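Here this note's numbering is used: the first residue of the sequence shown is 14, the next is one more, and so on.
Any given hint might turn out to be false.
What the hints assert, rightly or not - Here are the simulated DSS-like pairs of lysine-lysine, each with C-alpha atoms no more than 25 Å apart in a straight line:
hint, residue 1, residue 2
1, Lys249, Lys186
2, Lys211, Lys58
3, Lys222, Lys249
4, Lys186, Lys222
5, Lys249, Lys211
6, Lys211, Lys222
7, Lys211, Lys186
Note that these hints are calculated values from the structure, not bench results. These figures come from a predicted structure and were not determined experimentally.
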Amino acid sequence: MTVTGAAPPEAPHSALADAVLTRLTATYAGAADPDRAAQMRAYMKDVAPFLGIPTPERRALSRTVLAGTARPDEADCTAIALRCWSLPEREYHYFAVDYLRRYAARCSSAFLPVARYLLTTVPWWDTVDALAAHVVGTLVAADPALTVDMDAWITDDDLWVARAALLHQLRHKERTDTERLFGYCLLQSGHPDFFIRKAIGWSLREYAKTDPEAVRGFLARERGRFAPLTVREALKNIGA
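Based on the provided sequences and hints, a complete structural model is requested.
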């Protein structure tokens, strides 16, 4: 099940990306395991082909790939992410996500369209959730003007864009904009898709670690608007 979004943004020239991709493709290809790749592809509902590299091994290989490389600027991050996404095997997408998580703070608000492209191209929870919480969330925290974009994303027809809007504050803790958090949950409360209902519950459950009474009060007022799955997820750690 491979789903492709809009045409990709143009990857800028980056000598760092050239070096990283040369190392990356050689290193990952040398560790490929076709039997495990078939199992991983099946587990991920055939979203993409896999090389068959388990996460701990892949991240160890990634450290080898990046050893001695320079810290990137935004153009380098863009080039590395887009070039990884142009490769079919999912492990390259995971490398890009991990790289962006590490260096998201080096990107400006101008990176948001690139993030959206990554979210909507070969989308599945395994890349969308990390991009939402660790990349989009970092961009919005650094530039609150991007909340206007999140206000548009929450009602987007693409469920992965809407899920990203719901999840982008997962790591904000005391800095969470609760009006937006609760408002976004209400806007999507009737959504029929599992991934949106689960994301609403997850976003509330995570904020409940910071302010459980706010979440309890919100659900006391509004729980009739949410699916039972959402309510169970939201209250998992704090009870009714």
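Structure-based check of all given hints:
Taking the CA atoms of Lys249 and Lys186, the gap is about 18 Å. The hint holds against a cut of 25 Å. Only pairs whose Cα atoms come within 25 Å are accepted, and Lys211 paired with Lys58 is accepted, the gap being roughly 18 Å. Between Lys222 and Lys249, the direct Cα distance comes to roughly 11 Å. Compliance with the 25 Å bound is thereby established for this hinted pair. For the proposed pair Lys186 and Lys222, the alpha carbon gap of about 8 Å is at most 25 Å, so the pair holds.
Under the criterion of a C-alpha separation no larger than 25 Å, the hint pairing Lys249 with Lys211 is consistent with the structure, at around 12 Å. With a C-alpha separation of about 17 Å, the suggested pairing of Lys211 with Lys222 holds against the 25 Å cut-off. Our distance criterion of 25 Å between C-alpha atoms is met by Lys211 and Lys186, whose separation comes to about 19 Å.
Checked against the numbered hints above, the structure breaks none of them.
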